[in-house]
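Those protein sequence lines, which keep their order, are chains X and L. Per my numbering, residue 1 is the first one in the first sequence, and the count goes up by one each step. Per my numbering, residue 1001 is the first one in the second sequence, and the count goes up by one each step.
One or more hints might be untrue.
Stated by the list, open to error - Which bits of chain L does chain X cover? Going by a derived footprint, with three or more residues having C-beta under 8 Å, they are:
(1) 1025–1039
(2) 1044–1052
(3) 1149–1161
(4) 1258–1272
(5) 1284–1293
Hint data in this document are derived by calculation from the structure and do not stem from the laboratory. For every residue, glycine included, the Cβ atom is placed at its ideal position computed from N, Cα and C.
Number of protein chains: 2
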Amino acid sequence: MTLEQVARHAGVSLATASRVINGSTRQVGEKLRERVTASARELGYLANASAQTLARNTSSLVGLIVHDISDPYFSSIAAGVTGCAEQEGLIVVLGTTGRAPQRESDLLATLRSHRARAVVLAGSRSIDEESTRRLSAEIAMFTRQGGRVACVTQEGLPADTIVPDNHNGAAALARHLIAQGHHRFAILAGPTDLRTARDRLDGFHAALSNAGIELAHHNVVHGAFTRDGGYESTRRLLAAGTDATCLFVVNDVMATGAMAALRDAGLRIPQDLSVAGFDDIPTLRDLTPALTTVRLPLEWMGEEAARLALREEHAASPRVIPVLGEVVQRESTAPPSQA
Amino acid sequence: MTLEQVARHAGVSLATASRVINGSTRQVGEKLRERVTASARELGYLANASAQTLARNTSSLVGLIVHDISDPYFSSIAAGVTGCAEQEGLIVVLGTTGRAPQRESDLLATLRSHRARAVVLAGSRSIDEESTRRLSAEIAMFTRQGGRVACVTQEGLPADTIVPDNHNGAAALARHLIAQGHHRFAILAGPTDLRTARDRLDGFHAALSNAGIELAHHNVVHGAFTRDGGYESTRRLLAAGTDATCLFVVNDVMATGAMAALRDAGLRIPQDLSVAGFDDIPTLRDLTPALTTVRLPLEWMGEEAARLALREEHAASPRVIPVLGEVVQRESTAPPSQA
DNA sequence: TACCTCTTGGAAAACATTTTCCTGGACGAT
DNA sequence: ATCGTCCAGGAAAATGTTTTCCAAGAGGTA
């Protein structure tokens, strides 16, 4: 089972066997090469990955860090990352943070201790200074050790990043909805300390201001970035009473919860209230009514992040790949009824 | 950065440093222990995981093999597995097969070469003899090498298994639907060579027979085990014409596609046709109408499989943990209209 | 033929740990 | 006091590769 046994069985040295099995820069003569491969097959040799990692000081592991793998947003990205990694013959290790900022740097340290070749950090980052600093430091150590890091959505870290244009996407959506005839809006704005949520809120808000539309304070509700957060935020919005004809929810997962809450409250979508989301997660197209949203190419973003970390040459300074969102009009938004 | 440097810095031997950092069976005196921990912290020491794996001949990796991580069925199970693994301080490596039976044994070999401590095989197994034999052999080598294997759904392999009672679950669903007044059924039966799909079909069929209900051959349609497979199967069913008042789809992901196809064809659910699925994936509750199904505790199944592979003592012979499915009545099924 | 270069093979160092085995001292019992 | 037992600490072997360095032979050129 060890390479030494293979070498002995083939009657060659350990060095030669090693060169044959993984093909180094050095050549090995035809005869010996065949003897070695034959012996390896015959003995059912399987290389010891940890020994290789130790000797080479780099492994075939690629890290993927997400908040919650059962969230369709992250599982779409994960599908992209695994697809790309497996093409390269690498294996992906999946870390989940449960949205604890601390976990992110801890996982990165673990991956460093495993000599992971690269890591993809997905998931929107908290605005918290302290955890960002820790994370940046950890990324620096990871790259110094030879690893590569790519982020999805986490602008501002010392690594290549895929950045959806949240601000302009939300603004475009706002303009679309205004063109549809809406001028009284409510917003489920997600957590206050999440960069992504804030950018989408700001973009939407800016477009409204541009069109001369004021947004009443009580029409902006903050809450968790999850389905249940969306449900609960909606209940609060309705309890406070709202005059809006259109509800913008800063991500689709929350919007799904919002729709459930509206349905439970007996409101019809879009007749009583239009609803729009952001992301275009795959499960969306099966909701009724189908949700108007801003499409992000999630799986592609995962792939691209992995490609960035694996294939591309290491750039001197962090690159930023912007991704545009495209407004997708579906049945959940319609011109406001002439009440 | 190496343990030797830490040892030198603390003025102790390598052995002592090792014993302090990871706590072996041996004791280390108070004074030395403190010197070592202080040095480690001061130097920012991080253990080299591959060296540890090599020396210990076991790693902190847990494998998880699924067909497609963006499928909610698998991502729910994955959430359970990662949850349990991370509790134990282990990290999970995610392998996706894309439903190629060959990939499954290849991934298992890779995990063996990494000295993974355990692996969870999720995903229904093909009926194919050859690939099952290969997989069994690979599992045997994995366990012989000290690793543990647990399966979800893959009965018949030499490993502990979580087995949903597909047969009786489907039968219970059939009885429920019959009690609701249906007696003309159609079935989207999934792939012919998938054990899970076949068991559910058989169970449903058996309950119908028991009730004296015949199932016309043209009312059973086979197709891919995916959303699009469900969509396409439904189109074929409708194209052929059906007199059924109730459609049973062997899994929820397919059922989601089926509902879309029915909607596109202008059929109302449940007025024109009742629809029922199987699994109870989380996205289901947001469909309209919400889908009647057989609930499986997916996340729990993942957790339990991981627990089986990590915590339990190794049993002499493979254990089988049966999981009962519970019929969940929602709005997608109703008594047939008196046409 | 002598010298130089190039190629192929092997011996051994290097990688960073864990663990076995040995040594010396402390302590308790006879 | 002597022996035996236990315990903390260290030296070194062991884990399975890769890779550097050396040697020997082949082939080409002066």
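Results for each hint:
Chain X is given as covering the segment 1025–1039 of chain L, and this is violated because 0 residues of the stretch bring a CB closer than 8 Å to a CB of that chain, at least three being needed. Residues of the segment 1044–1052 of chain L with a Cβ under 8 Å from some Cβ of chain X number 6, which satisfies the need for three, so the listed coverage holds. Beta-carbon proximity to chain X at under 8 Å applies to 0 residues in the segment 1149–1161 of chain L; the threshold of 3 is not reached and the given coverage is violated. Given a C-beta distance limit of less than 8 Å, the hint that chain X covers the segment 1258–1272 of chain L holds, as 3 residues qualify and 3 suffice.
Counting residues of the segment 1284–1293 of chain L whose C-beta lies closer than 8 Å to any C-beta of chain X gives 4; at least three are required, and the coverage claim holds.
Of the numbered hints given earlier, the model fails hints 1, 3; all others are met.
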